[in-house]
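There are 2 protein chains.
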Amino acid sequence: MSGMWFTEEQTANIRFGCRIRDILHSEKTDFQDLAVIDTLQWGRMLLLDNLVMTTDKDEFVYHEMISHVAMNSHPNPQKVLVIGGGDGGTIREVVKHEKVEKAVLCEIDGQVIEASKKYFPEIASVLTGHPKVEILVADGIKHVKEMKEEYDVILVDSSEPIGPGAVLFTAEFYQAVSDALKPDGIMVAQTESPFYNQELIQTVFPTINSIFPITKLYLASIPTYPSGLWSFTIGSKKYDPEQVNAEEMVDLDTKYYTPSLHKAAFALPRFVRKLTEGK
Amino acid sequence: MSGMWFTEEQTANIRFGCRIRDILHSEKTDFQDLAVIDTLQWGRMLLLDNLVMTTDKDEFVYHEMISHVAMNSHPNPQKVLVIGGGDGGTIREVVKHEKVEKAVLCEIDGQVIEASKKYFPEIASVLTGHPKVEILVADGIKHVKEMKEEYDVILVDSSEPIGPGAVLFTAEFYQAVSDALKPDGIMVAQTESPFYNQELIQTVFPTINSIFPITKLYLASIPTYPSGLWSFTIGSKKYDPEQVNAEEMVDLDTKYYTPSLHKAAFALPRFVRKLTEGK
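Going down the list, the protein sequences come from chains A and B.
Take the position in the first sequence, starting the count at 1, then add 141; the result is the number in our numbering.
Take the position in the second sequence, starting the count at 1, then add 141; the result is the number in our numbering.
Everything labelled a hint here was simulated from the structure, so no lab data went into it.
Don't take every hint at face value.
When chains are identical, the list treats them as one kind, so a pair holds in a single copy or across two.
[As the list claims (entries may be wrong)] Subject to a maximum C-alpha distance of 25 Å in a straight line, what follows is the list of computed SDA-like cross-link-like pairs (lysine to any residue):
no. : residue 1 : residue 2
1   : LYS169    : LEU192
2   : LYS420    : ASP392
3   : LYS404    : GLU388
4   : LYS240    : LYS396
5   : LYS404    : GLU418
So here's chain A without its partners, still in its complex pose:
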């Protein structure tokens, strides 16, 4: 058995260690350190600046939950934008919805896309050529600022609020996202752990809530992310993501998401609900 370990410093006082078979790839891109390792527990793992972005074996949770909640809350999601998400997992889920006519991926770091195509063929499956998918290697905030009432759904699949992802947690960015959405558009952003990142939620939730008439937080269990519990914040101009009819939802090939879970994900633990209320 291999004696090599990858260790993530999840907080200053918590470490997450995975036994590894091999380091498959390591480079310094224009934006960040990028590595691909092969772990015994979770299969291949994508690291950016030494933080776990995704793994072969639990990627389905994050990618299904960042996409299908908004996609199934919108009655006609024809044009969809994914910001970040260079591994391709989120946009792979987006194009499972037949109503989608165009899905744009806007990733700032082209090397994430290239490494994902090479080392994560199942996650990146739609990046190697899909009739509905357009790939832009570009700055997400610049892109949304150029777009007006263009998209039905925008998914903010960012990395942590440090490094190149930091700008994706600002009011300026969320306002630009709102402007780039059609008058009945919906956005979702990943908003970190309700156990370890409480201040972020207490800041970002009211910011999104000041821009979108309907703002709600929902949760999913991601074992390779710090604390295992992850939050997503949805900002919607018209459709309430909790008031969807489970009977009418698109039936999807998923491992985590179900129509019942869509609704249940908004039933927050009391301490998380308080975070969204500024307590």
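Fit chain B to the given chain A structure using the hints.
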């Protein structure tokens, strides 16, 4: 900043590390290694055989979720048994329900009770003297075998299915629990992580289902337990824990549990639902 770390081997290939201030207590009891450490992230932490049992800062999730779901599913839970749970957190939650007349704690290892009273005064608050609480330092399986139609609710707050806790995952034990329950009784057992302990769930769920007419699995997010997602299996003779009226539920002072979350906890990710269906 302290350079000392406690590291739990969560699986053969996964480690969870916590920076520690101090080791407060360490002993070998008749049943297991018992230690209390002071961690920077999670406060004081109780370890049995080097596995995290509970911590000051996230204990509320486990203790509220193992108790209130069953307690609020039973219209009149007067007599309640907790098997294991020597730290006292579960029985502390049980006696929040005013209908309870007697709550019995049956813990095999008296040293767990003593260490908890000393180092976890908030968790063990009702162990130092409470008019409704009776403490037995005894073998849980023996105790339930001596009881016939005695309890309204039995909560199996076991440690891992190794060491002294192993017998608490057998058909023989669950049958004895059923016999010790009144004809409308309810039991709950902690049944480990749906990510790391899939075979256990695939074995234990059908076992409980062969004994109880209503068997359901529900989930809670416990950041200091392996994978951060934990399962509980409820076996009920009469009351369906999903068919409770949220309006009629007892209003409780909680940090995690809410009546909405009670229902939502049964909305399982698709892969977890499949585990309960033997897939």
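* To do: Measure nothing new, just compare the shortest in-copy and cross-copy C-alpha distances for LYS404 and GLU388 to 25 Å and report within, between, both or neither.
  => This pair counts as both: shortest intra-copy Cα distance 12 Å, inter-copy 19 Å.
* **Within, between, both or neither, where LYS420 and ASP392 count as close if Cα-Cα is 25 Å or less** => between (37 Å within a copy, 20 Å between copies)
* From the Cα coordinates, with 25 Å as the cut-off, is the pair LYS169 and LEU192 best called within, between, both, or neither? -> within (14 Å within a copy, 38 Å between copies)
* **Status of GLU418 relative to LYS404 across identical chains (alpha carbons, at most 25 Å)** => Both. Shortest intra-copy (20 Å) and inter-copy (22 Å) distances satisfy the 25 Å Cα cut-off.
* Measure nothing new, just compare the shortest in-copy and cross-copy C-alpha distances for LYS240 and LYS396 to 25 Å and report within, between, both or neither. => within (21 Å within a copy, 41 Å between copies)
No hint from the list above goes unmet by this structure.
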